[in-house]
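Visitor: These are the residues of each chain, in order.
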Amino acid sequence: MTGNGQNKTHEGVIDENLRRVYQEAVDEGIPDRFKSLLEQLKQQDLDVCDGEDKTT
Amino acid sequence: MSGGKETARSDPRDELVNHLPAMRAFAISLTRNGATADDMVQDTLVKAWTNIDKFQPGTNMRAWLFTILRNTYYSSRRKAKREVADVDGIFTDSLAEKPAHDGHLQMGDFRVALGKLKDEQREAILLIGALGFSYEEAAQTCGVAVGTIKSRTNRARKQLAELMGLREDEAMEMTDDATMSVLSASKVSSF
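Sequences listed follow chains A and B, in order. Residue numbers are given in numbering that gives the first Met the number 0: position 8 of the first sequence equals residue 7, and the series is strictly consecutive. Residue numbers are given in numbering that gives the first Met the number 0: position 184 of the second sequence equals residue 183, and the series is strictly consecutive.
Some hints could be false.
[To be verified] Derived list of chain B stretches under chain A, where covered just means 3 residues or more per stretch with a C-beta under 8 Å from a C-beta of chain A:
id, segment
1, 56–69
2, 118–132
[Unchecked claim] Not the full set, but computed from the structure, chain B residues with beta-carbon under 7 Å of chain A:
id, residue
3, Trp48
4, Arg156
5, Leu159
6, Ala160
7, Leu165
What the hints contain is simulated information worked out from the structure, not anything from laboratory work. For every residue, glycine included, the Cβ atom is placed at its ideal position computed from N, Cα and C.
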């Protein structure tokens, strides 16, 4: 039983650190390149549709 | 005309942007390298966009994206194993220089310890411990059995505890030590 309690404490310390590592990465924010990549992909699809309409 | 039809149907691709922060943070935590992580996220976005028909609406998109993300990582790791090893060395060195103020050393220690885990173990414990995935979700994401995720997570926890010097009875003591060292450091500097 005591062993379990200690493991719980360790687990708590470890998980807290894990969440901190992860959260620090989240806090860095998202580089603009990804949003512009999504825009590009969207635009590409639209271009393909337009191309089909006008037979390029 | 065709535009109206497009917007009426909800496009799962519109959700991709919402998962970007988690994707990138997971990639950074897994690879411990910003440039590698960003390349992975970029590849994943393109793959997800072009293969969106393989995503089943109503299922867990984050898990689906993480699957693509990790597969991207493991296939690039096979190609560039040596490069990754070098990066590890630089990472560890720079961390060793961090000062001991307000628990940063402990945090640095943890990062080093996390970096020493096998990728598969780090991945499992990040999904479970940091992202709050269920064992089932993590298993689905990694394409392995639930039991495999459980044992990877357990091994990762055990190894992290060892590397951090957390032994039985010592969890609380260690926190006290950290507090004491911060206290004594500030005492010294106030002289």
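Visitor: Name the hints, by number, that the structure is in violation of.
Guide: Checked against the structure, the only hint that fails is number 1, while the rest are satisfied.
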